[in-house]
Amino acid sequence: MTTLEVRNLVKQFHGSERSAVNDISFELSEDEILALVGPSGCGKTTTLRLIAGLERPDSGLIRLNDRVVASDSIFVPPEQRGVGMVFQDHALFPHLTVFENVAFGLRGRKPDEIRTIVGEMLHLVGLLPLSKRYPHALSGGERQRVALARALAPRPILLLMDEPFSSLDADLRTEVREHVRGILKSMRATVVFVTHDQDEALFMGDRLAVLNKGELEQIGTPEEIFHESNTRFVAKFMGDSDFLRGRVTPNGIQTEIGLLNQLVDLPAGTSVEIALRADDIDFEIDGSGNSLIVARFFRGAFNLYRLRLNSGQILHAFTDHTKILPVGARVQARVSAEHPLTVFS
Amino acid sequence: MEITRANQFSLQRLRTYPISPRLAIAAGLVALFVAVPLVYIFIRALGAEPEAWQRLLQTRIWKLLSNTLLLAAAVTSGALVTGISMAWLTERTDLPGRKIFRWMLAMPLAVPAYIGGIVHLALLRPRGGVIPQFLESLFGQPVPTPSPLGFWGAAFILTLFMYPYVYLLSGAAFRTLHASLEEAARVFGRTPMQTLFQVTLPALRPGLTAGALLVALDILAEYGTVALLRYETFSSAIFVQLSGRYDRSAASILSGILVALSILILWGELRLQGQARFTQMESNWRPAPLVALGKWRIPALLLVLGVVSASLLVPFTVLLIWSIQAFLDPQTMATLFRTGSQGFGSYVWNSLWSSGAAAVIAVMLSLPVALLAVRYPSRFSRFISRLCQVGYAIPGVVIALSLVLLVNRALPFLYATPFVVVIAYVLRHMPQAVRASESALNQLSPSLEEASRTLGRTSLQTLIQVTMPLILPGLLAGGSLVFLTSLKELPATLLLRPAGFDTLAVRVWVWAGEGFYFQAAPAALLLVLVSALPLSFLLRREQIFK
Numbered sequence: 001m002t003t004l005e006v007r008n009l010v011k012q013f014h015g016s017e018r019s020a021v022n023d024i025s026f027e028l029s030e031d032e033i034l035a036l037v038g039p040s041g042c043g044k045t046t047t048l049r050l051i052a053g054l055e056r057p058d059s060g061l062i063r064l065n066d067r068v069v070a071s072d073s074i075f076v077p078p079e080q081r082g083v084g085m086v087f088q089d090h091a092l093f094p095h096l097t098v099f100e101n102v103a104f105g106l107r108g109r110k111p112d113e114i115r116t117i118v119g120e121m122l123h124l125v126g127l128l129p130l131s132k133r134y135p136h137a138l139s140g141g142e143r144q145r146v147a148l149a150r151a152l153a154p155r156p157i158l159l160l161m162d163e164p165f166s167s168l169d170a171d172l173r174t175e176v177r178e179h180v181r182g183i184l185k186s187m188r189a190t191v192v193f194v195t196h197d198q199d200e201a202l203f204m205g206d207r208l209a210v211l212n213k214g215e216l217e218q219i220g221t222p223e224e225i226f227h228e229s230n231t232r233f234v235a236k237f238m239g240d241s242d243f244l245r246g247r248v249t250p251n252g253i254q255t256e257i258g259l260l261n262q263l264v265d266l267p268a269g270t271s272v273e274i275a276l277r278a279d280d281i282d283f284e285i286d287g288s289g290n291s292l293i294v295a296r297f298f299r300g301a302f303n304l305y306r307l308r309l310n311s312g313q314i315l316h317a318f319t320d321h322t323k324i325l326p327v328g329a330r331v332q333a334r335v336s337a338e339h340p341l342t343v344f345s
Numbered sequence: 001m002e003i004t005r006a007n008q009f010s011l012q013r014l015r016t017y018p019i020s021p022r023l024a025i026a027a028g029l030v031a032l033f034v035a036v037p038l039v040y041i042f043i044r045a046l047g048a049e050p051e052a053w054q055r056l057l058q059t060r061i062w063k064l065l066s067n068t069l070l071l072a073a074a075v076t077s078g079a080l081v082t083g084i085s086m087a088w089l090t091e092r093t094d095l096p097g098r099k100i101f102r103w104m105l106a107m108p109l110a111v112p113a114y115i116g117g118i119v120h121l122a123l124l125r126p127r128g129g130v131i132p133q134f135l136e137s138l139f140g141q142p143v144p145t146p147s148p149l150g151f152w153g154a155a156f157i158l159t160l161f162m163y164p165y166v167y168l169l170s171g172a173a174f175r176t177l178h179a180s181l182e183e184a185a186r187v188f189g190r191t192p193m194q195t196l197f198q199v200t201l202p203a204l205r206p207g208l209t210a211g212a213l214l215v216a217l218d219i220l221a222e223y224g225t226v227a228l229l230r231y232e233t234f235s236s237a238i239f240v241q242l243s244g245r246y247d248r249s250a251a252s253i254l255s256g257i258l259v260a261l262s263i264l265i266l267w268g269e270l271r272l273q274g275q276a277r278f279t280q281m282e283s284n285w286r287p288a289p290l291v292a293l294g295k296w297r298i299p300a301l302l303l304v305l306g307v308v309s310a311s312l313l314v315p316f317t318v319l320l321i322w323s324i325q326a327f328l329d330p331q332t333m334a335t336l337f338r339t340g341s342q343g344f345g346s347y348v349w350n351s352l353w354s355s356g357a358a359a360v361i362a363v364m365l366s367l368p369v370a371l372l373a374v375r376y377p378s379r380f381s382r383f384i385s386r387l388c389q390v391g392y393a394i395p396g397v398v399i400a401l402s403l404v405l406l407v408n409r410a411l412p413f414l415y416a417t418p419f420v421v422v423i424a425y426v427l428r429h430m431p432q433a434v435r436a437s438e439s440a441l442n443q444l445s446p447s448l449e450e451a452s453r454t455l456g457r458t459s460l461q462t463l464i465q466v467t468m469p470l471i472l473p474g475l476l477a478g479g480s481l482v483f484l485t486s487l488k489e490l491p492a493t494l495l496l497r498p499a500g501f502d503t504l505a506v507r508v509w510v511w512a513g514e515g516f517y518f519q520a521a522p523a524a525l526l527l528v529l530v531s532a533l534p535l536s537f538l539l540r541r542e543q544i545f546k
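Protein chains in written order, with the numbering used here: chain A, 1 to 345; chain B, 1 to 546.
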């Protein structure tokens, strides 16, 4: 069943030349987590706020559980939409205790019921012992979980999360996101999750929507997005791809570092670009090789080498951490990938 | 533009959330309430008979203009030099006792300048002053002493009671300015003194200039001190036209010019406000290292002691001694504690309720204006917010004139009631409430309000359940400021009060003017003590007193 439908959404801010959100459409089914990912200014947060009702769209339609909440003629205010939201700064009410924060969205229910629900939610996020504390006496990770419990307590149709982990320290972030994904899945929550971090998007999302300059570049499963990027932007943003020029021949694609044995549905002679990630390239020392090592970055478990081909083209390649070669050495590079590569014409 | 530039949260995203018409109308009505007396003064000034204009232009205006501007310039520079040097000594050096001095240097804000003037005049008056008399009896002949009368006297007294504004601003700035800025200057080879003049002070300039312009506005509005020390400015001239000669068209013309001048200064101040961003405390803030005064410790200590004595200790001690003498004298006691509406209790009560009512009304009126300006930044909301700060530029005498004329014409049933006095306080002091409310709202992340909306509260419920409880301390601070300044307000009270409506400020002024210093002292002392309460609440909120 479709929980959220967004159709042709457009939003332009006053005084800005280009639309923050430009004709975005997507759908979200029940129990699904959609990660909206893109660089800052791509319109992901604006999309989220439009869904929440915190911004009014210029045009387009938003439907929640078959109820139109925003269109040219309708605008349902946020308090009547039944969505929950976790804010980037958590936005816990500093004048209320943890218990009161979580109970804030449960107004109008019986006191017993409120106590039960809040207790369940706090138990779920593991904060039951802290229910009498005030937000300032909590750690960053605890605040994060209170914000989640508060947003989930009224059982929203849809949960919106705006960069919820960005205020946490890096070491805490991976731990918390695993915990949070577990909670969301156990609650069978339908979630739109905004992040600028590709790893986080790949981890959190059942599906990913990649946004760029207000437009939706691609939507799909993490695997589709990563391996079958539709556009150069997606390939670049999601996996730090390099783009190697080549020419289509009847046997494959001829490139500077050899023939790529991959058939494409393009007439011979077309010039194309192949998206290559660092794990798609291999190289070995060769005095008359086709490229030069310009830099090495030690990444702990592996080495990342930057290679310059004779044409000036830059490629990156991983080797394992024990293989250390000097900068300036000439090497022979080749495509080592055993899966089909993404080709852009 | 400048005001919203300081507004960190609304900058993140220009919100286009539909502006609430209720809020816009409420803010618009407040602005209208503020604008009417202002516009009316200009109408009356321009509508005055040409002969009146000609007469004034030929005789009075130029002298008044030069007198007023000269005094404003002198006091502003005096307050800047005193305020900045006191702040630097207490914040950035190893001055002994600097923690206590920090408080004592701010406390003169609780002493109305005219009360300080009364004390210094009684001490130093050329004939009959306490000090000249003492010296004469000591040496057997008159010894020349500096006179507190005239330009230099007025400049001296006003500087003594105005410098705390600059002192507080620069103290907070010295405290919060990022230490790394000065460390960078030191690394690039500047001495501590060069750093102060080439880096620190220039970095603080917009904020300090804004503070100085507020002092200048206060001087344009000052009536009590200049009248007491017989130095004629626009304000005192208007007062005389209104109370003595009762020449309303001359008063209107002078008021029009004075307000035009003030608005010019206020405009500059408003432009600078937005640039004054030094009070930003960053999380990695650390205090700057103290400068060792070395052999300058004693002179510096004497300097600070001198300022504290002249502006706080001497006035307080003298008032205390006079009060004790008053209590020891049965006749004075009898006059003080007459029963009925003429007694001491009624002065206190009148002071408290009129200033308290003004504070509550001003804060309530400031709320819609601040909400509109902070949460829905636009040309319109900026205009409304600035219009509501115009009270800074309307001196008490001018507000009194405008209200006398307006109330007579439009609301005669209000004429000669204490409510007109309260309205005058609200008009004059609302800018402080507007600024306090705006700054409180600016510190409140809009995401808290948005969270409340997504959790099922309407905008009005959000205002009451989330916004109001969280900005309450800021609103209290604004209210305290309005209360404090209303308590001190002299000219508007004198001109607008109905017969028999005496406040502490009025009684001090009248009794001291008749020479009954002992009788005036308890009222003056109480006024200072009552002002000290909201003041210490305000100071505790400031960074430098933490």
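There may be inaccurate statements among the hints.
[Claimed, not checked] Residues from chain B that face chain A, not an exhaustive set, calculated with beta carbons under 10 Å: (1) S66; (2) N67; (3) P299; (4) S445; (5) P446; (6) L448; (7) R453; (8) S459; (9) V466; (10) L470; (11) G515; (12) L533; (13) S536.
[Unchecked claim] Residues from chain A that keep clear of chain B, each with C-beta distances beyond 10 Å, as calculated: (14) L54; (15) P77; (16) Q80; (17) R81; (18) A151; (19) L160; (20) R247; (21) T270.
[What the hints assert, rightly or not] Restraint-style ranges between C-beta atoms, simulated for each label pair: (22) A:D58 <-> B:R541: 41 to 47 Å; (23) A:P111 <-> B:N408: 41 to 47 Å; (24) A:S139 <-> B:L69: 55 to 61 Å; (25) B:A179 <-> A:P111: 47 to 53 Å; (26) A:S166 <-> B:T176: 22 to 28 Å; (27) A:S166 <-> B:Q198: 47 to 53 Å; (28) A:P111 <-> B:V36: 46 to 52 Å.
Derived by calculation from the structure, the hints in this document are not laboratory data.
Beta carbons: idealized from backbone N, C-alpha and C, even for Gly.
- CB-CB spacing for V36 of chain B and P111 of chain A relative to the 46 to 52 Å hint: holds, 51 Å
- Query: Per the CB criterion, is V466 of chain B less than 10 Å away from chain A?
  - Reply: Because about 6 Å separates V466 of chain B from the closest Cβ in chain A, which is inside the 10 Å limit, the hint holds.
- Query: Are all C-beta atoms of chain B more than 10 Å from that of R81 of chain A?
  - Reply: At roughly 8 Å from the nearest Cβ of chain B, R81 of chain A sits no farther out than 10 Å, so the non-interface label is violated.
- When the least beta-carbon distance from L448 of chain B to chain A is tested against 10 Å, hint result: holds, 5 Å
- Task: Using the beta carbons of A179 of chain B and P111 of chain A, state whether their distance is inside 47 to 53 Å or not.
- Result: holds, 52 Å
- Quick one: are S166 of chain A and Q198 of chain B within 47 to 53 Å, going by C-beta? violated, 39 Å
- Say whether it holds or is violated: L160 of chain A keeps its Cβ farther than 10 Å from all Cβ of chain B. L160 of chain A is in fact no farther than 10 Å from some Cβ atom of chain B, at 8 Å.
- Query: Per the stated criterion, does the least C-beta distance between R247 of chain A and chain B lie above 10 Å, as a non-interface residue requires?
  - Reply: At roughly 46 Å from the nearest Cβ of chain B, R247 of chain A sits farther out than 10 Å, so the non-interface label holds.
- Task: Mind checking the hinted window 41 to 47 Å against the Cβ distance between D58 of chain A and R541 of chain B?
- Result: About 43 Å separates the Cβ atoms of D58 of chain A and R541 of chain B, which means 41 to 47 Å holds.
- Task: Tell me if S459 of chain B is really an interface residue toward chain A, meaning its C-beta lies closer than 10 Å to one of theirs.
- Result: holds, 8 Å
- Task: Using the Cβ atoms, figure out if P111 of chain A sits within 41 to 47 Å of N408 of chain B.
- Result: violated, 59 Å
- Is it true that S166 of chain A and T176 of chain B lie within 22 to 28 Å of each other by Cβ? holds, 27 Å
Hints 1, 2, 3, 11, 12, 13, 14, 15, 16, 17, 18, 19, 23 and 27 from the list above are not met by this structure, while the remaining hints are.
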